[in-house]
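Engineer: Chains A and B supply the protein sequences, listed in that same order. Residue numbering for the first sequence follows my numbering, starting at 74 and increasing by one per position. Residue numbering for the second sequence follows my numbering, starting at 27 and increasing by one per position.
Keep in mind that the hints were calculated from the coordinates and are not lab data. Any given hint could turn out to be false.
Taking beta-carbon pairs under 10 Å as the criterion, some of the chain B residues facing chain A (in silico) [as the list claims (entries may be wrong)]:
1. Val39
2. Phe45
3. Val51
4. Arg67
5. Leu82
6. Thr83
7. Ile105
8. Thr107
9. Arg111
10. Ala150
11. Ala174
12. Arg186
13. Thr211
14. Ala218
15. Asn333
16. Phe374
Glycine residues also receive a C-beta, built at the ideal position from the N, C-alpha and C atoms.
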Amino acid sequence: MPISWLFQLAWVVKVLVLGYFISLNGLCFVILFLSICWCRRYRRAADVQAIDFDALEKLEKLVPPVTLVVPAYNEERVIVQSVRSLLGITYPSIEIVAVSDGSTDGTIEELIRSFSLYQADVRPSGALATQPVRAVYVSAIEPRLVVIDKQNGGKADALNTGINFCQTPYFLAMDADSLVEPEALTCAVRVILEDPERVVAVGGIVRGVNGSIVDAGRVRRPSLQWNFWVIIQMVEYLRSFLAGRAGWSLINGLLIVPGAFGLFQKAACVKVGGYSTDTVTEDLELILRLHRYARDRRLGWRVAFAPDAVCWTEMPTTARALGRQRKRWQEGLWQTLSRHSDMYFQPRYGVVGMLSVPHHVLHELGGPLVELSSLLLFPVFYSLGLVNWEELAVYLALAFFLGTLFSLAAILLDQVLFPRHRFPRDVLLLLALSLLENFGYRQMSMYWRLVASWNYLFGRISWRVSTRTGFATRAE
Amino acid sequence: MSGASIDLLAQAVAFLAVFTLGISVAVYLLMDLRHRQQLQRQARRVTLAAHLIPPLTPQALHTLWSRCNRASRKILEEILTDRCRLAEGEERSGAAQFLMGIGIYDRWLQEIRQGRKSRRAQAARKLGYVHDRRGVEALVAAAGDSYALVRLAVALSLGRLKDPAGLPGLIHLAQGRTKTIPDLTLAAALAACAEGCSSLIAGLLRAPHVQTRVIGAWALSEVADETSLPALSDAIRDPDPEVRAKVARALGRVPEERSLNLLSALARDPVPFVRVRALDALGKQKSSAAEPLVLGGLDDHMPEVRNRAAAALRQIYGMKAGLIAKVHAAGSRRSFNTLISEWERAGFLHTLVAGLITRDWVRFVETQETIRVLIAAGMTQALVNMVLVFPGVKVRLRLLRLLVAEPRANVMADLLALIGRPGCDPRVAQAIRKVAVMSPPISSADIKSDTV
Numbered sequence: 074m075p076i077s078w079l080f081q082l083a084w085v086v087k088v089l090v091l092g093y094f095i096s097l098n099g100l101c102f103v104i105l106f107l108s109i110c111w112c113r114r115y116r117r118a119a120d121v122q123a124i125d126f127d128a129l130e131k132l133e134k135l136v137p138p139v140t141l142v143v144p145a146y147n148e149e150r151v152i153v154q155s156v157r158s159l160l161g162i163t164y165p166s167i168e169i170v171a172v173s174d175g176s177t178d179g180t181i182e183e184l185i186r187s188f189s190l191y192q193a194d195v196r197p198s199g200a201l202a203t204q205p206v207r208a209v210y211v212s213a214i215e216p217r218l219v220v221i222d223k224q225n226g227g228k229a230d231a232l233n234t235g236i237n238f239c240q241t242p243y244f245l246a247m248d249a250d251s252l253v254e255p256e257a258l259t260c261a262v263r264v265i266l267e268d269p270e271r272v273v274a275v276g277g278i279v280r281g282v283n284g285s286i287v288d289a290g291r292v293r294r295p296s297l298q299w300n301f302w303v304i305i306q307m308v309e310y311l312r313s314f315l316a317g318r319a320g321w322s323l324i325n326g327l328l329i330v331p332g333a334f335g336l337f338q339k340a341a342c343v344k345v346g347g348y349s350t351d352t353v354t355e356d357l358e359l360i361l362r363l364h365r366y367a368r369d370r371r372l373g374w375r376v377a378f379a380p381d382a383v384c385w386t387e388m389p390t391t392a393r394a395l396g397r398q399r400k401r402w403q404e405g406l407w408q409t410l411s412r413h414s415d416m417y418f419q420p421r422y423g424v425v426g427m428l429s430v431p432h433h434v435l436h437e438l439g440g441p442l443v444e445l446s447s448l449l450l451f452p453v454f455y456s457l458g459l460v461n462w463e464e465l466a467v468y469l470a471l472a473f474f475l476g477t478l479f480s481l482a483a484i485l486l487d488q489v490l491f492p493r494h495r496f497p498r499d500v501l502l503l504l505a506l507s508l509l510e511n512f513g514y515r516q517m518s519m520y521w522r523l524v525a526s527w528n529y530l531f532g533r534i535s536w537r538v539s540t541r542t543g544f545a546t547r548a549e
Numbered sequence: 027m028s029g030a031s032i033d034l035l036a037q038a039v040a041f042l043a044v045f046t047l048g049i050s051v052a053v054y055l056l057m058d059l060r061h062r063q064q065l066q067r068q069a070r071r072v073t074l075a076a077h078l079i080p081p082l083t084p085q086a087l088h089t090l091w092s093r094c095n096r097a098s099r100k101i102l103e104e105i106l107t108d109r110c111r112l113a114e115g116e117e118r119s120g121a122a123q124f125l126m127g128i129g130i131y132d133r134w135l136q137e138i139r140q141g142r143k144s145r146r147a148q149a150a151r152k153l154g155y156v157h158d159r160r161g162v163e164a165l166v167a168a169a170g171d172s173y174a175l176v177r178l179a180v181a182l183s184l185g186r187l188k189d190p191a192g193l194p195g196l197i198h199l200a201q202g203r204t205k206t207i208p209d210l211t212l213a214a215a216l217a218a219c220a221e222g223c224s225s226l227i228a229g230l231l232r233a234p235h236v237q238t239r240v241i242g243a244w245a246l247s248e249v250a251d252e253t254s255l256p257a258l259s260d261a262i263r264d265p266d267p268e269v270r271a272k273v274a275r276a277l278g279r280v281p282e283e284r285s286l287n288l289l290s291a292l293a294r295d296p297v298p299f300v301r302v303r304a305l306d307a308l309g310k311q312k313s314s315a316a317e318p319l320v321l322g323g324l325d326d327h328m329p330e331v332r333n334r335a336a337a338a339l340r341q342i343y344g345m346k347a348g349l350i351a352k353v354h355a356a357g358s359r360r361s362f363n364t365l366i367s368e369w370e371r372a373g374f375l376h377t378l379v380a381g382l383i384t385r386d387w388v389r390f391v392e393t394q395e396t397i398r399v400l401i402a403a404g405m406t407q408a409l410v411n412m413v414l415v416f417p418g419v420k421v422r423l424r425l426l427r428l429l430v431a432e433p434r435a436n437v438m439a440d441l442l443a444l445i446g447r448p449g450c451d452p453r454v455a456q457a458i459r460k461v462a463v464m465s466p467p468i469s470s471a472d473i474k475s476d477t478v
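Let's have the full structure, built from the sequences with the hints guiding it.
Structural biologist: Below is the structure:
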């Protein structure tokens, strides 16, 4: 009897794993195909440059002004360089609102010293609820800069404060430790302006700045740091953005706009109540609320992706730091998807309800559980003779092959359509790591996600602070 | 499973592994080859560009062209096209004449009519770099192209050429409502071509489609003059608020009494962003006749409108200190706060405090009065901070004198707190200590409430 029970269990596990495997890879293939179509189309349109300040001088007066909201918490090492990089953006009409979220280091002092700030009686025009503002500073030398010092309330709270002080129709939410390419904002605005009635949010692409030469707030020579964790993240980022989000953007199922570069319509964000301060992935939660609000009211809003709007950010360089980041993301995913659980398989939410959210629930949240159970149970079943090794080998080989194929496609798309890393050594490193990531890294990633799931389910969520080392400059 | 099937399976797994590895190697080799080709091409481009410094005579350019192989000619064409795009004066006209003389321009004309769609788009783009009647005609004809990117390139090129002869093409595009071309790109192109002859595009305001009217109004907002006033005055009653907002922007360009009357109607529009645009336009007109209207906007229930009214006052009077006292005396607390907030964002306080060392007596007295008004309104925190950070000790000491002259709650405490802060000048610190000894601290209970 026990053997027959085990046979049934083995059969159920096999069916589950097979179903998971087919649904995940099938969907990824479809999304990859859509991504390729979309990236090609986007590249062709980008080549003609619909927003060309060089061709049409009058465009400089007509483009909508954008406020760059820069939340900062203890970022004294990078904040000045980040603000300088933002001031160098080629977009003609920008304002910068830097929000120090109760920093305990010299973030505010660094800004005061570098930009001759002085305290002013500037009041917010928005009414999103936030922690109290301690002081508002304006610059004697840079009229586009406003700095807000507020009590600590988390990144979402700082962003909401920035939105309250924003006086433009669009704002760019970003991280203080990120460097934005000079053309990035124009690229993102172009996506909005092609359909200004419907596009309410545009996400850019995040790339790792580690190893690149940075000078005067700009990435002068992109290069890869000789660090396993950095390169593996680059492969992951390319796969996620170019072989994933591009395709989701085409069918308006995009759920994630990166916190490091997200351009939003201010009115839309205010309508949905701004960022939620009780989640750890506020960007994902905001996008889901935008989708929900739009579909409930049949507004036809879209969330789009701009692959040439590049934002360079410092990536974790150790397994420990990377693990902390991944756990936070997974916890945030749990929180957000639980909050919006009524959207699952709801036809009224269209692609988001029927495809994007279920994909994230089944494959992103459920994935580690399925992978762990298959890793644990298959050897047991094999030792009991319930499965044969050929089946196991086929499964592992296919998993490896398909995983690598998606990474290779992303690297190819990147190199052909949106190249940044031009050195053959960098390409070789990316390719090598795309082959190796299945051995060890994937299992570690699964472990972090499982721990995060455990933390979420048993109530041990906390915001994990990462330490910054500052950007490598030419002199260094 | 039989031995044969196991072998088959092993072969399949091996095949997949080799296949994956093969793809990786192929991708690497492809990228490496591409990288090398790009480097070679860049090197060749630099060499050819070096030949063109200083600009060659037409004969020398022809000689260089005849010596080049096919690949080098392509690069030379690119360099000369870039020169037409970026250079000025003789250098630009020389490059344009060469491109025409050698037959490259004719090839572009042919490509825009008969080429494949990507070629047509490229040709449409390049025709915008060289001004010639044939090119404008070809671009106008291409405005009806079936491929959206060609139409986008046509709009950009016609806008770049700034030739009124290109207007029919742009008007055709505006009426065609192509999604690939952003409205503002088309508006900018129309405005570039219609500079000085705005009446040519005023007809777009009567188009049946909202988007066309928006584009027309937007273009007019950059080139409108008194000739477009009749069309604009009709359009202020447009049912679409977007059109009315753009019309308000256009009216801001027409410095006439009639436009002021039209703007006053739009400043009372039920839609807030139309009011915002109307106030913006009133600010741009810089006419003091608009003052009552703008002051009314300062008390609007929408914060955006109030902010814009404050910005408009700044545009009209240039952050005139006397206006602060006027609004303080006449307006509500909300108006006053909005005005201060918006102006301070533009650096008002710094400019104001700098007036304490001016030799212009009238401005000096006005500055002192305004600072007293700010102190009376309870806005002391920023002023106290100025005592610490303003560059110039003389100004800081004068500001300090004004601050202690007006008895306000917590001012003395705030000033005393400055003494310990880094960057506090010893002379300022000494002065603060001195006045602290002379005047006893005032509690908030001794002060009347800050009502305006």
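Engineer: Which of the listed hints are not met by the structure?
Structural biologist: Going through the list in order, the structure violates hints 4, 5, 6, 7, 8 and respects the others.
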